[in-house]
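Q: Dock chains B and C against chain A, hints included.
Protein chains in written order, with the numbering used here: chain A, 1 to 112; chain B, 1 to 184; chain C, 1 to 512.
Worth flagging that the hints you see were computed from the coordinates, not collected in a lab.
Glycine is no exception: its CB is placed at the ideal position from the N, C-alpha and C atoms.
Hints may be right or wrong, so weigh each one.
The calculated DSS-like cross-link candidates involving lysine-lysine, where the alpha carbons are at most 25 Å apart (straight line), are [as the list claims (entries may be wrong)]:
#1 B/Lys-179 - A/Lys-98
#2 A/Lys-98 - C/Lys-165
#3 B/Lys-49 - B/Lys-100
#4 A/Lys-26 - A/Lys-98
#5 C/Lys-189 - C/Lys-60
#6 C/Lys-206 - C/Lys-189
#7 A/Lys-109 - C/Lys-373
#8 C/Lys-187 - C/Lys-206
#9 B/Lys-100 - B/Lys-41
#10 C/Lys-165 - A/Lys-109
#11 C/Lys-165 - A/Lys-108
#12 C/Lys-449 - C/Lys-380
#13 C/Lys-165 - B/Lys-179
#14 B/Lys-41 - B/Lys-179
#15 A/Lys-108 - A/Lys-26
#16 C/Lys-373 - C/Lys-449
#17 C/Lys-504 - C/Lys-189
#18 B/Lys-179 - A/Lys-26
#19 A/Lys-98 - A/Lys-108
#20 C/Lys-373 - C/Lys-440
#21 C/Lys-440 - C/Lys-459
#22 C/Lys-380 - C/Lys-459
#23 C/Lys-373 - A/Lys-108
#24 B/Lys-179 - B/Lys-28
#25 A/Lys-26 - C/Lys-165
#26 B/Lys-48 - B/Lys-100
#27 C/Lys-331 - C/Lys-419
#28 C/Lys-189 - A/Lys-63
Cβ-to-Cβ under 8 Å is the rule here; a few derived chain A residues that face chain B [to be verified]:
#29 Ile-55
#30 Leu-75
#31 Val-79
#32 Ala-86
#33 Ala-90
#34 Ile-93
#35 Arg-97
Residues on chain A that point at chain B, a partial pick, calculated with CB under 10 Å [claimed, not checked]:
#36 Val-56
#37 Gln-71
#38 Thr-76
#39 Ile-78
#40 Leu-82
In case you want the letters, here they are:
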Amino acid sequence: MTAYIMCFILFLVGLYGVITRRNLVKIAVSLSIMEISTFLFFALIGYIDGGVAPIVDPADPVKIYVDPLPQALVLTAIVIGLATTAMLMAVIIRLYRKYGTFDIREIKKLRG
Amino acid sequence: MRRLLRFARNDKGNNEALIKKRNQPTLKFRLAKRETTNDMKGMTIIVKKTTQLIAGMIFIYGVYVIVHGHLTPGGGFAGGVVIAGSLILITLANGGDFLKLIKEESGTTIVESLATILVITIAVSGFLFGTKIFFNNFLPKGIVGHLISAGVLPLYNIFVGTEVAASIFIIFLSLVIFKEESKE
Amino acid sequence: MNPLIPLLVVIPLAAAFLIMIVGRFIEEFNKYFALLVLLLLTFISFYFLCTTGGKITVYKVGGWEPINSIPIGIYMVLDGFSVILVCIINLIGLLSAFYSISYIRRYTAGNYFYALFFLLIGGMNGVVLSGDLFNIFVFLEISVISSYALVAFGVESNELEASFKYQVLGGIASFLILFGIGFIYWKAKTLNIADIKSAFGSSSDKTTYLFIQILILSGFGLKAAIIPFHAWLPDAHSSAPSPISAMLSGVFIKAVGIYVIVRLFFNMFIISEPMAILITILGTLSMVIGVFLAIGQWDIKRLLAYHSISQMGYVVMSVGIGMILLSRGVKADIASLAICGGLFHLINHAAFKGLLFLNAGAIEYTLGTRNLKGMGGLAKSMPFTSATSFIASMSISGIPPFNGFFSKLIIIIAAVMAKFYLLAILAVIVSIITLASFLKFQRYAFYNKADDTKDQNIKEVPFPMVFSMVILSVICVLLSLLVFPEIRHAILTPAIDILTDPAKYSRSILVQ
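The shape of chain A in the complex, shown without the other chains (with noise of 0.2 Å):
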């Protein structure tokens, strides 16, 4: 139980970053802190009593193994949050060339 208390800690973490940081690189790590306890929740929830992690050995077959799903699923987002990270940092590095400043209350061009 305290396992999802702490995933739910860092969602807390990660969304105090982003609307409260004024910093883009801050905003960007702080997105990719939740999305990092959004992994941690699919880890855990494939978790059976007495399970052993899912490799097949061919010496000693029969064993309980934990769910091996949740764990592809998490395979999965972890690239995808990297792609999605990558592409917040190439905008990044692109609008401190346009703007001068890393400051967000600076980049206020679009209104209305």
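A: Okay, now just chains B and C, sitting in the frame of chain A:
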């Protein structure tokens, strides 16, 4: 519309750019002589020799993680990231000037696209050989626990690993190239 | 097991990477190859439209058959509702690609544009055709990341700022969707949409169920720009290049927003009344607030983007009315009429909003400005643009005999017959205000007296742009034929049957 053909280095050692308009001969523009900046100059000789020793071992470890993807944890993606790490290490330690980075980037893009097309070809080739189902595992599956087994999965791992390594290397290279070319 | 179904997803992905390789060596390869591939995709999708009647086709990827009647593979499902969206995606993609043959000359990286465009189309095809919950997420992310890059394509400061805002909000939306999928897997132990329905039927945990529904509605509602989550849409849709704006506003918010909400709420969750009332209220708010925010705009593309929010509010409101009636278990034929109106308006909106954005792009291509106060008198010098823009404006305002009139009429009649008089009155008022806004657009852009201080060499845009706009306007007029009963039974009724019958979807899939 003018089109940038390529960058080149002419006889005097200066960088130049070749620009071509349609139905007109190629023009050569000489780029300004750049003082070497502090970024992307190579590091000291101790760092260079150490990375030459270590990067090879990291590369071999990455290949091990990819090829044993159906027996141990890891597989295409994790091994690809490790290989990209070794390539980035070599580039950081040895530096690189502008032209060399651009050539590396265009070559790596072709490798990445080719690897993705091969992945899709293997997936579609389930249509042609064996049963007519997309994404089927149609090569013979061997004995559990041996290296050459599990049908078509090791091939997938290898191509996905190549593609992931090329992608992450390109992300690094294009950010460095952007920083370099906006200093001129 | 029709082998053409996965080809709709594989062909765009392969074409994207093929363009990246071959486009470096051959100069004009990317444009014509893109046109050929999109033509092939449109043929396949229209072939599906003509042959899929009311039956549901299932493709099991990898050939994994169900064990003990539990589906263990990834399923791709094609039924009456998916085939409408597949046709819309590929047809408007073809016309946008044709338009961008001459529009892309302003940018220098043509290869990257077409590669990202194909990833966008492949991702949307994957979302619409998948029968599996995590597959929807993966293809959603493919298309959404391509759209982030396409919005920031011409790297000026406006476009980068719009793309940054879009990315942060889209990242939060993806997180919420992933969280909801995690909860669903925890409770149902399976990820197949048809199987989740039978697993949820016997569950009695009301609080978790409500929490999952709110998470899914928030996540996908952010992608569809329903009203508390609309903040990214005006910036992103007005800063993108014009063919991409037409694709984003005409197809993208429908295929990854409205389609998934309708599919999951009708075929996966058991319809409950509080959620139905919430969806209807959100739709009505989108409709009203969108049009009030659009009145004071002087930038053409921002005006059109705000009107997108309002029209999507129409669709969500009518689908919500259908949900309320189905959850009470009464008057199934009025529910069918409401959902029919919603789907018809979805198809119409793709056509006329795409046409409006292409017109705005044509105006920007010749004049270089997007401000309505700086234009005037274009009706003489750009005849095709002004004629097609007139047809599109009359369609969106609901003037007979164009297609917007019939779909809005069906929605209002359904609202009146279900005794929701307030919603019907609001729909009429919003339609009148939309008409006022578009009359302003027409007057200031085309029919004003031109200032004599400008240089007079304004001529019509090149042929590919004109061709796309004319074809879309012909489609706008032809779509009003969908109201006749014979054509409606062929196209819209299979979709409505699958949505309103609670057990037909899961029963048909689990049997195959």
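Q: Give a verdict on every hint.
A: Quick rundown of the hints versus the structure:
1. Under the criterion of a C-alpha separation no larger than 25 Å, the hint pairing B/Lys-179 with A/Lys-98 is consistent with the structure, at around 13 Å.
2. Restraint check: the Cα-Cα separation between A/Lys-98 and C/Lys-165 comes to about 16 Å, which is no more than 25 Å; the hinted pair holds.
3. At most 25 Å may separate the alpha-carbon atoms for a hinted pair to count; B/Lys-49 and B/Lys-100 meet this at roughly 21 Å.
4. For the hint pairing A/Lys-26 with A/Lys-98, the CA-to-CA distance comes to about 19 Å; that is within 25 Å, so the pair holds.
5. Restraint check for C/Lys-189 and C/Lys-60: satisfied, since their Cα atoms lie roughly 20 Å apart, inside the 25 Å limit.
6. Between C/Lys-206 and C/Lys-189 the alpha-carbon distance is near 17 Å, which keeps this suggested pair within the 25 Å criterion.
7. Restraint check for A/Lys-109 and C/Lys-373: satisfied, since their Cα atoms lie roughly 19 Å apart, inside the 25 Å limit.
8. Distance hint between C/Lys-187 and C/Lys-206 is fulfilled; the C-alpha atoms sit about 12 Å from each other, no more than 25 Å.
9. Under the criterion of a C-alpha separation no larger than 25 Å, the hint pairing B/Lys-100 with B/Lys-41 is consistent with the structure, at around 13 Å.
10. With a CA separation close to 12 Å, the supplied pair C/Lys-165 and A/Lys-109 stays within the 25 Å bound.
11. As the CA atoms of C/Lys-165 and A/Lys-108 are separated by approximately 11 Å, the hinted pair is consistent with the 25 Å bound.
12. Only pairs whose Cα atoms come within 25 Å are accepted, and C/Lys-449 paired with C/Lys-380 is accepted, the gap being roughly 11 Å.
13. Straight-line distance between C-alpha atoms of C/Lys-165 and B/Lys-179 comes to about 23 Å, which keeps the hinted pair within the 25 Å bound.
14. For the proposed pair B/Lys-41 and B/Lys-179, the alpha carbon gap of about 13 Å is at most 25 Å, so the pair holds.
15. Restraint check: the Cα-Cα separation between A/Lys-108 and A/Lys-26 comes to about 18 Å, which is no more than 25 Å; the hinted pair holds.
16. Only pairs whose Cα atoms come within 25 Å are accepted, and C/Lys-373 paired with C/Lys-449 is accepted, the gap being roughly 12 Å.
17. Between C/Lys-504 and C/Lys-189, the direct Cα distance comes to roughly 22 Å. Compliance with the 25 Å bound is thereby established for this hinted pair.
18. Annotation: proposed proximity of B/Lys-179 to A/Lys-26 holds, straight-line Cα distance about 21 Å (limit 25 Å).
19. This hinted pair checks out: A/Lys-98 and A/Lys-108 have alpha carbons roughly 13 Å apart, not beyond 25 Å.
20. A distance of roughly 11 Å separates the Cα atoms of C/Lys-373 and C/Lys-440; the hinted pair therefore holds under the 25 Å criterion.
21. Between C/Lys-440 and C/Lys-459 the CA atoms are separated by roughly 23 Å; this keeps the pair inside 25 Å, and the hint holds.
22. A hinted pair counts as satisfied when its Cα atoms are at most 25 Å apart, and C/Lys-380 with C/Lys-459 qualifies at roughly 9 Å.
23. A distance of roughly 23 Å separates the Cα atoms of C/Lys-373 and A/Lys-108; the hinted pair therefore holds under the 25 Å criterion.
24. With a C-alpha separation of about 24 Å, the suggested pair B/Lys-179 and B/Lys-28 falls inside the 25 Å cut-off, and the hint holds.
25. Taking the CA atoms of A/Lys-26 and C/Lys-165, the gap is near 14 Å; set against the 25 Å cutoff, the hint holds.
26. Between B/Lys-48 and B/Lys-100 the alpha-carbon distance is near 18 Å, which keeps this suggested pair within the 25 Å criterion.
27. The hinted pair formed by C/Lys-331 and C/Lys-419 meets the criterion: a straight-line CA distance of about 12 Å does not exceed 25 Å.
28. A hinted pair counts as satisfied when its Cα atoms are at most 25 Å apart, and C/Lys-189 with A/Lys-63 qualifies at roughly 21 Å.
29. With a cut of 8 Å, the hint placing A/Ile-55 at the interface with chain B holds, because the nearest CB-to-CB distance is about 7 Å.
30. Taking 8 Å as the C-beta cut-off, the interface hint given for A/Leu-75 holds, the closest approach to chain B being about 7 Å.
31. Evaluation of the A/Val-79 hint against chain B yields a held restraint, the C-beta minimum of about 6 Å falling below 8 Å.
32. For the restraint placing A/Ala-86 at the interface with chain B, the shortest Cβ-Cβ distance is roughly 5 Å, inside the 8 Å limit, so the hint holds.
33. Annotation: A/Ala-90 was flagged as interfacial toward chain B, and the flag holds, the nearest CB pair being 7 Å apart, inside 8 Å.
34. Look at A/Ile-93: its Cβ gets to within about 6 Å of chain B, closer than 8 Å, so that hint holds up.
35. A distance limit of 8 Å between C-beta atoms decides the matter here; for A/Arg-97 the minimum to chain B is near 6 Å, and the interface restraint holds.
36. Evaluation of the A/Val-56 hint against chain B yields a held restraint, the C-beta minimum of about 6 Å falling below 10 Å.
37. At a threshold of 10 Å, the smallest CB-CB gap from A/Gln-71 to chain B is about 9 Å, leaving the interface hint in force.
38. At its closest, the beta carbon of A/Thr-76 sits 9 Å from a beta carbon of chain B; the interface hint therefore holds under the 10 Å criterion.
39. Given the 10 Å rule on beta carbons, the hint for A/Ile-78 holds: about 8 Å separates it from the nearest Cβ of chain B.
40. Checking A/Leu-82 against chain B: minimum C-beta separation of about 8 Å stays under 10 Å; hint holds.
Figure legend: structure checked against the earlier numbered hints; every hint is met.
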